[in-house]
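Peer 1: Read off the chains here:
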Amino acid sequence: MNALRRNVLKGAAGAGTVAVAVAAGLLKPTQALAGVPRSAFEAKSVGDALKNMGASGPIDSKDITIKAPDIAENGAVVPVEVTSGIAGTSAIAIMAEKNATPLVADFSLKGGAEGYISTRIKMGQTSLVRAVVTAGGKTYTAAKEVKVTIGGCGG
Amino acid sequence: MHMNRREFLQLLAVAAASGMALDSKSALAGNAPSNFYDVPRHGNVSLLHFTDCHAQLLPIWFREPNVNLGIGSALGKPPHLVGQYLLKQYGIKPGSAEAHAFTYLDFTEAAKVYGKVGGFAHLKTLVDKLRAQRPDSLLLDGGDTWQGSATSLWTDAQDMVDAGIKLGVDVMTPHWEATFGAERMVEIVNKDFKNAGVDLVAQNIVTNDFGDQVFKPYVMKEMNGVKVAVIGQAFPYTPIANPRYMVPDWSFGIRDDSMQKWVDEARAKGAKVVVVLSHNGMDVDLKMASRVTGIDAIFGGHTHDGVPQPVQVKNAKGITLVTNAGSNGKFLGVMDFDVRGGKIQSYKYRLLPVFSNLLPADPGMDAYIKKVRAPYESKLSEKLAVTDDFLYRRGNFNGTWDQLLVDALMAVKGADAAFSPGFRWGTTLLPGDPITMERLMDQTAITYPETTLNTMTGEMIKTIMEDVCDNLFNADPYYQQGGDMVRVGGIEYTVNPNQTIGKRISNMTIKGKPVDADKTYKVAGWAPVAEGVSGEPIWEVVATYLRDKKVIKGLKLNEPRIIGVGKSNPGIADYKGGVS
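Protein sequence lines correspond, in order, to chains L and Y.
Numbered per my numbering, the first sequence spans residues 333 to 487.
Numbered per my numbering, the second sequence spans residues 114 to 693.
Be careful, since some hints might not be right.
To be verified - Derived SDA-like pairs (lysine to any residue); straight-line CA-CA distance at most 25 Å:
1) Y:Lys575 <-> Y:Thr565
2) L:Lys476 <-> Y:Pro207
3) Y:Lys616 <-> L:Glu477
4) Y:Lys632 <-> L:Ile482
5) Y:Lys374 <-> L:Glu477
6) L:Lys454 <-> Y:Gly615
7) L:Lys476 <-> Y:Arg357
8) Y:Lys456 <-> Y:Gln246
9) Y:Lys635 <-> L:Ile482
10) L:Lys476 <-> Y:Lys329
11) L:Lys476 <-> Y:Asn587
12) Y:Lys430 <-> L:Asp395
13) Y:Lys374 <-> L:Gly417
14) Y:Lys329 <-> Y:Asp269
15) Y:Lys229 <-> Y:Gln612
16) Y:Lys374 <-> L:Tyr448
17) L:Lys430 <-> Y:Gln612
18) Y:Lys329 <-> L:Ala400
19) Y:Lys190 <-> Y:Tyr460
20) Y:Lys190 <-> Y:Lys430
21) L:Lys376 <-> L:Ile398
22) Y:Lys374 <-> L:Ile482
23) L:Lys454 <-> Y:Asp369
24) Y:Lys279 <-> Y:Asn587
The hints are simulated quantities; they were obtained by calculation from the structure and are not laboratory data.
Only chain L is shown next, with the shape it has when bound in the complex (with noise of 0.2 Å):
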């Protein structure tokens, strides 16, 4: 692997790092992103997180893909990438619907930034990993399951 790409992948793992204090709470998320308000953070609902975003009632969108394992290898860092092919996207927040603060993660694109996003979040139990996508002023939504299991067991 060339140099360049792993200070790529570096600066791509840093923003991971970012999302993953959040979610542990060692960093408030008014500190680290501007985009959402904190009680969004802070809400212990999907419907008041989403609330809280300015976000109710968003539409459900084929066009954005979760990219995320279907049981995590380890709950405390599971990785997700989200794509949205919506035109215009320019916020991408992430949510594991069963933490006890379910909005994990809210990413905004600027100056016509691909709708993609990649980053590691934390899970306490099998959850749906929600992500919400802003566009043109509406928002669009999109689940998917990721099981955390006890292990153990196997074959």
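Using the hints, position chain Y against chain L.
Peer 2: Using the frame of chain L, we list chain Y on its own:
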């Protein structure tokens, strides 16, 4: 020649009583004809496949399950057919050698007549015989080759690495191999395999940090001028079902999208035949075949299903054949393709049972096995007890061997209940057989054998049972891990496999009393996946118990009552625990 079941049993009884074993071509005329292993070559591209031999170098007995339930769309379809249902599906004559190989029916009687199965010296003879007609064929090893016996554990997998090389393996993919640790795996691949020209392929093992391939995703071979790609698919849930700390820097998973990418790349580079050597398990393979296009055949393992013929799976661009080749060296899959005009015109597949008495031992392999076992012979042959009971493991819920393990755990540890993992490997013993240290190690030889005694609430016990049950019976195969249900000693329960997680297990009782969610119980177990657990190895605990008992007799098999699957479910038969 056709016999009905009664006639067959009479013949078996006579044969067994007179000490006759099927060591010649004539013992049961028509059942194992002299041309049993004559498999004329079809076409011009041939792949031989064995999988999940679990380090059994010598012939053994292995009983197929009488419970192998299919969930959702898998109901009543291969591989979820047991006993008579399987025979009917594939037109196998009851009482024939194949019927004995593919089912549990009349096992103890038939085993005495047909003798043991597998063994690398016998497998070598069969491989060489088939390769004589197929000089440029490939031999594929589906993994779970290095684990499952005392000698593989004690030689740090070296006995099996060398045996595989001597057998003529060309390409391999891993699962339990990883439990020798990432460093050991890499050492074997870079040294032993490299020197011998063996490729270990796994498209779904990448580094945690940068997502780089750890091993080659596939290899391209040429046979009779036809380019053939073999893509590797390791067991996707290795770091979950087995200890994560043993492969800390690697990520696995199913990875359909990258599978598609490698298939497309192989085709673009001129492959006319693209196959996957898979340790997904059959249900996962069937789903993958419906989603990924351009694969001609998947040679599968992990779930230990002896499936006589491939399942043809339709997808957006064609058909993929999905096979599964059983376990314990009991079978060798033979796939012949006729490739002309740049594509496969037709195929012929056989899953050949390896009857040791019908295949002379290859002298070279035989000598190697003797040599590698010699330093351990006295330890292996220690007679711990004799069993009056029939001891087997395979089945969705429990086996008598596992009952023996949980009985021993509860007795030695003074526990209210015990858990034993739902492994699908482990050999079979007939009534009257001695239980040697070697046979005990067949059930227990792993690199994390520690036993534990924990205090658990009733609620926690239920959570664990629900969790494992979901790994087995989740309606979506991609969430299945391919083991069987955790074996439970001391706790009786009812299970509804068609329910969802949290709702499958009910009516749990300990010593006749309902399990109290808040009460604590002492629960023994073994094979912890967490790091840093200490405890006496399971084989020591069970050996202590066996030496004390001397004779194993009247084991009471604790099987759950099964509800919601129907009385005529083709995935269950001769079940004593109650089914509706």
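Peer 1: Hey, Lys279 of chain Y versus Asn587 of chain Y, does the alpha-carbon distance stay inside 25 Å?
Peer 2: Distance of about 40 Å is beyond 25 Å: violated.
Peer 1: With the threshold set at 25 Å, check whether the alpha-carbon distance from Lys329 of chain Y to Asp269 of chain Y stays at or below it.
Peer 2: Holds: Lys329 of chain Y and Asp269 of chain Y sit about 23 Å apart, inside 25 Å.
Peer 1: For the pair we were handed, Lys329 of chain Y and Ala400 of chain L, check the Cα-Cα distance against 25 Å.
Peer 2: Holds. Lys329 of chain Y to Ala400 of chain L sits at ~23 Å (cutoff 25 Å).
Peer 1: Can you confirm whether the C-alpha distance between Lys374 of chain Y and Glu477 of chain L stays at or below 25 Å?
Peer 2: 24 Å, holds
Peer 1: Just to be careful, I want the Cα atoms of Lys476 of chain L and Lys329 of chain Y compared with a cutoff of 25 Å; is the pair within it?
Peer 2: 30 Å, violated
Peer 1: Given the hint that Lys476 of chain L pairs with Pro207 of chain Y, test it: the Cα-Cα distance must not exceed 25 Å.
Peer 2: 47 Å, violated
Peer 1: Is Lys430 of chain Y close enough to Asp395 of chain L, meaning Cα to Cα at most 25 Å?
Peer 2: 23 Å, holds
Peer 1: Assess, step by step, whether the Cα of Lys374 of chain Y is no farther than 25 Å from the Cα of Ile482 of chain L, and give holds or violated.
Peer 2: 32 Å, violated
Peer 1: Within 25 Å, alpha carbon to alpha carbon, are Lys635 of chain Y and Ile482 of chain L?
Peer 2: 19 Å, holds
Peer 1: Does Lys430 of chain Y lie within 25 Å of Lys190 of chain Y when you go C-alpha to C-alpha?
Peer 2: Cα-Cα ~23 Å, so holds.
Peer 1: Quick one, are Lys476 of chain L and Asn587 of chain Y close enough, alpha carbons at most 25 Å?
Peer 2: Holds. Lys476 of chain L to Asn587 of chain Y sits at ~16 Å (cutoff 25 Å).
Peer 1: Is Lys190 of chain Y within 25 Å of Tyr460 of chain Y, Cα to Cα?
Peer 2: At roughly 22 Å apart (the allowed maximum being 25 Å), Tyr460 of chain Y and Lys190 of chain Y satisfy the hint.
Consistency note: the structure conflicts with the earlier hints numbered 2, 10, 15, 22 and 24.
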